[in-house]
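*Asks:* Next come the chains, spelled out residue by residue.
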Amino acid sequence: MDSIGVLMACPMSSYLEQELEKRFHLFKFWQVTQKPQFLKEHSGSIRAVVGNAMAGADAELIEALPKLEIVASYSVGLDKVDLGKCREKGIRVTNTPDVLTEDVADLAIGLCLAVLRRICASDKYVRSGKWKKGDFKLTTKFTGKTVGIIGLGRIGTAVAKRAEAFDCPISYYSRTMKPDCKYKYYPSVVELASNCHILIVACPLTLETHHIINREVIDALGPKGVLINIGRGPHVDEPELVSALVEGRLGGAGLDVFEQEPEVPEELFGLENVVLLPHVGSGTVETRNAMADLVIGNLEAHFMNKPLLTPVV
Amino acid sequence: MASHPHHDGAPPPLHRRPPPRVLLLRHPPHFTLLNRPLPDNFHFLKPWESSLPLHDFLSSADARSAEAILTSGGAPVTADMLRRLPEVRLVVTTSAGLNHIDLAECRRRGIAIASAGDVYSEEVADLAVGLLIDVLRKVSAGDRYVRQGLWSSEGDFAHGSKLGGKRAGVVGLGRIGLEVAKRLEAFGCAVLYNSRKKKPVLYPFYSDVRELATNCDVLVICCGLNEQTHHMINREVLLALGKGGVIVNIGRGSIIDEKDMVQLLVQGELGGAGLDVFENEPNVPEELLALDNVVLSPHTAVFTAESLSDLCDLVVGNLEAFFSDKPLLSPVLEE
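As you go down the protein sequences, you meet chains D and H in turn.
In this text, residue positions in the first sequence follow the working numbering: the first is 1, and each later residue adds one.
In this text, residue positions in the second sequence follow the working numbering: the first is 1, and each later residue adds one.
These are calculated hints, taken from the structure and not from any lab test.
Do not take every clue at face value.
Calculated lysine-lysine pairs in the BS3-like style (CA-CA distance at most 25 Å, straight line) [said to hold, decoys possible]:
| hint | chain 1 | residue 1 | chain 2 | residue 2 |
| --- | --- | --- | --- | --- |
| 1 | H | Lys259 | D | Lys132 |
| 2 | D | Lys137 | D | Lys124 |
| 3 | H | Lys198 | D | Lys161 |
| 4 | D | Lys35 | D | Lys80 |
| 5 | D | Lys306 | D | Lys67 |
| 6 | D | Lys184 | D | Lys161 |
| 7 | H | Lys182 | D | Lys133 |
| 8 | D | Lys184 | H | Lys182 |
| 9 | D | Lys306 | D | Lys85 |
| 10 | D | Lys182 | H | Lys182 |
| 11 | H | Lys198 | D | Lys124 |
| 12 | H | Lys182 | H | Lys198 |
| 13 | D | Lys40 | D | Lys80 |
| 14 | H | Lys259 | D | Lys130 |
| 15 | D | Lys184 | D | Lys145 |
| 16 | H | Lys182 | D | Lys145 |
| 17 | D | Lys28 | D | Lys67 |
Here are some, though not all, of the chain D residues that point toward chain H, as calculated from beta-carbon distances under 7 Å [claimed, not checked]:
| hint | residue |
| --- | --- |
| 18 | Asp106 |
| 19 | Leu107 |
| 20 | Ile119 |
| 21 | Ala121 |
| 22 | Ser122 |
| 23 | Lys132 |
| 24 | Leu138 |
| 25 | Thr139 |
| 26 | Lys141 |
| 27 | Lys161 |
| 28 | Glu267 |
| 29 | Phe269 |
| 30 | Pro278 |
| 31 | Val280 |
| 32 | Val285 |
Cβ atoms here follow ideal geometry from the backbone N, Cα and C, with glycine treated the same way.
Using the sequences plus the hints, can you model the full thing?
*Replies:* Given below as structure tokens:
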């Protein structure tokens with residue numbers, strides 16, 4: 001199989017690189033200086049693309065790779081893959097569902113606690129020596145707070161299960177109401193935001209969900225409300241979010257994703273009611289290895305004409 | 001069930017007698033933080049308003065009239081103090097912990113004790129879980145990384161460790177320990193525990209805390225501080241927890257031998273720690289300030305607006321109940 005060309009879109013995992021190199025002819029796109037030339041030269045041999053949350057396979061790249069058969073994403077989100085184009089051309093697409101569900105849900109709750117209980121700010125307080133001069137301020141209890149979840153898929157459901165252990169009443173917004181669901185459904189995000197203390201974004205990024213958190217939703221969440229984003233940066237109208245936080249119109253935010261990663265709005269750096277993470281939702285040794293194994297497993301299955309493990313297209 | 005002895009000469013209920021005299025060892029910050037006045041149907045004796053040092057104040061006629069003591073911030077209620085205040089029949093503490101009260105002396109004198117009861121249990125459990133997730137998933141460290149601009153300049157942050165599937169040892173399965181266990185189960189942890197006595201729960205019990213540590217990836221300290229638990233978590237126990245092991249302490253600093261723990265963390269023999277309490281607050285060992293795998297919290301486990309409000313209600317409720325001849329709301333019962 002080592003004559004099969006696999007193009008890796010960006011650096012994502014040295015373990016994955018190693019494993020791909022053992023099995024295929026791996027091209028590292030980020031090391032290529034003249035991309036159009038490179039594509040012309042190697043388009044005959046590249047039959048797979050490996051992408052992630054940062055870079056995948058857009059229409060342009062797909063058109064430049066006439067031998068492309070499969071896009072295997074090292075992520076569950078596929079917003080960086082032109083799915084329509086792939087369907088059109090019969091290109092298979094796989095992602096990494098399930099293996100990362102728990103880690104992302106754990107982090108969502110971790111962010112809720114970190115924001116409400118000011119865990120990061122208190123840690124800074126101790127490290128700076130301020131505790132010697134006086135006690136830290138009062139924070140807000142998490143147990144019992146109403147939690148609203150946007151998107152009740154695998155991750156949303158896992159978040160709800162965890163929040164229930166903290167006696168949080170759960171409500172949600174989804175494209176359609178889920179039958180037999182014990183949580184309260186709201187038919188719009190604004191209504192959900194008006195009726196919860198903590199709003200958690202857990203849906204896929206699509207054209208419809210782009211900027212699903214806008215000024216109206218932020219206003220509905222209000223000066224005591226908290227936004228947790230473990231989805232994608234573009235789910236949130238970032239400038240609106242920043243001004244709401246800076247002006248105190250929103251109570252707080254826990255953000256693992258941003259519109260222009262790794263750029264994070266510097267106005268947020270001085271705020272105590274915000275926790276900022278460098279896209280680590282699935283970032284544990286255990287899960288990243290499991291994700292890499294899924295990517296490899298899907299590629300091997302494809303090239304051996306076996307059923308794909310986690311196909312989306 | 002009333003927790004004070006019935007005997008002849010017991011004072012009339014609250015509404016038919018002069019305001020009960022309550023000695024405040026410190027002004028309870030819980031009320032001040034919420035801008036809440038102390039109840040006006042009691043007469044509060046405030047030693048700090050006297051020019052006398054506490055020791056002398058306790059011998060004054062004023063102090064000797066005290067029928068109850070309200071202690072906060074761990075201000076000790078000693079045998080000596082109780083001897084000098086013969087009218088005291090109730091001690092109310094704003095804490096869940098009781099290590100600052102001479103319990104034996106109270107029992108001897110038939111003095112009832114009311115604590116914070118269950119008021120803080122959820123809060124404290126929430127913080128324990130928050131600290132654990134922070135250490136394993138490097139939340140505070142990641143937040144620092146972003147704020148220092150390192151995500152842009154250095155690239156991806158280090159990987160953390162998955163919480164699900166970890167074996168979590170809860171030390172002390174009281175009210176707080178049970179709340180911690182319930183939460184950790186939802187994250188897919190296998191809960192094990194050590195306690196003075198076995199409890200009617202399904203979690204596997206370990207009578208020896210070192211054996212518990214050997215069989216865990218994470219230890220959460222939820223027990224009270226007393227003679228038996230002082231420095232119970234020592235070098236042996238921490239080594240048993242192991243290089244990847246994480247310890248979270250929301251009990252009292254002295255349950256852990258802090259010097260041992262710091263040394264093991266610095267040497268890399270212990271994976272990480274989430275600490276809300278320390279042996280000599282507000283002093284925190286300097287060596288910890290340099291470590292990225294520890295999360296430090298300034299004893300804030302109970303300090304949320306919600307729990308303070310509940311606590312103030314409880315303190316007032318206990319005082320009113322006792323002096324109206326009704327059962328205490330949160331009595332500390334002999335075990």
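*Asks:* State for each hint whether it applies.
*Replies:* Hint check:
A hinted pair counts as satisfied when its Cα atoms are at most 25 Å apart, and Lys259(H) with Lys132(D) qualifies at roughly 20 Å. At roughly 13 Å between alpha-carbon atoms, Lys137(D) and Lys124(D) fall within 25 Å of each other, so this suggested pair holds. Under the criterion of a C-alpha separation no larger than 25 Å, the hint pairing Lys198(H) with Lys161(D) is inconsistent with the structure, at around 28 Å. Note on Lys35(D) and Lys80(D): the hinted pairing holds, with a Cα-Cα distance of about 18 Å set against a maximum of 25 Å.
Distance restraint check for Lys306(D) and Lys67(D): the Cα-Cα separation of roughly 19 Å lies within the 25 Å cut-off, and the hinted pair is therefore satisfied. Straight-line distance between C-alpha atoms of Lys184(D) and Lys161(D) comes to about 14 Å, which keeps the hinted pair within the 25 Å bound. For the hint linking Lys182(H) to Lys133(D), the alpha-carbon distance of about 36 Å lies beyond 25 Å, and the restraint is violated. Distance check on the hinted pair: Lys184(D) and Lys182(H) sit about 23 Å apart at the alpha-carbon level, within 25 Å; holds.
With a CA separation close to 23 Å, the supplied pair Lys306(D) and Lys85(D) stays within the 25 Å bound. Only pairs whose Cα atoms come within 25 Å are accepted, and Lys182(D) paired with Lys182(H) is accepted, the gap being roughly 20 Å. At roughly 39 Å between alpha-carbon atoms, Lys198(H) and Lys124(D) are farther apart than 25 Å, so this suggested pair is violated. Between the alpha carbons of Lys182(H) and Lys198(H) the distance comes to roughly 17 Å, so the proposed pair stays at or under 25 Å and holds.
Of the supplied pair hints, the one linking Lys40(D) and Lys80(D) holds, its CA atoms being roughly 22 Å apart against a limit of 25 Å. The straight-line distance between the Cα atoms of Lys259(H) and Lys130(D) is roughly 22 Å, inside the 25 Å bound, and the hint therefore holds. With a C-alpha separation of about 14 Å, the suggested pairing of Lys184(D) with Lys145(D) holds against the 25 Å cut-off. At most 25 Å may separate the alpha-carbon atoms for a hinted pair to count; Lys182(H) and Lys145(D) meet this at roughly 17 Å.
A distance of roughly 17 Å separates the Cα atoms of Lys28(D) and Lys67(D); the hinted pair therefore holds under the 25 Å criterion. A cut of 7 Å between beta carbons decides the hint on Asp106(D): the least distance to chain H is about 5 Å, and the hint holds. Look at Leu107(D): its Cβ gets to within about 6 Å of chain H, closer than 7 Å, so that hint holds up. About 5 Å separates the beta-carbon of Ile119(D) from the nearest beta-carbon of chain H, less than 7 Å, and the hint is met.
Taken as an interface hint, Ala121(D) does not check out: its beta carbon lies about 9 Å from the nearest beta carbon of chain H, beyond 7 Å. The beta carbon of Ser122(D) is positioned within 7 Å of a beta carbon in chain H (closest approach about 5 Å), and the interface hint is therefore held. Of the supplied interface hints, the one on Lys132(D) holds, with its beta-carbon coming within about 5 Å of a beta-carbon of chain H, less than 7 Å. Taking 7 Å as the C-beta contact cut-off toward chain H, the hint placing Leu138(D) at the interface holds, the least distance being around 5 Å.
This hint holds: Thr139(D) has a C-beta 5 Å from the nearest C-beta of chain H, less than the 7 Å allowed. Annotation: Lys141(D) was flagged as interfacial toward chain H, and the flag holds, the nearest CB pair being 4 Å apart, inside 7 Å. This hint holds: Lys161(D) has a C-beta 6 Å from the nearest C-beta of chain H, less than the 7 Å allowed. Restraint check, Glu267(D) versus chain H: the minimum CB separation of about 12 Å is more than 7 Å; hint violated.
With a least beta-carbon distance of about 5 Å to chain H, the hint placing Phe269(D) at the interface is held under the 7 Å criterion. Interface restraint check for Pro278(D): the shortest CB-CB distance to chain H comes to about 4 Å, inside 7 Å, so the restraint holds. Hint on Val280(D) holds. Least Cβ distance to chain H is approximately 6 Å, under the 7 Å limit. For Val285(D), the suggested interface contact is upheld, since its CB lies about 5 Å from the closest CB of chain H, less than 7 Å.
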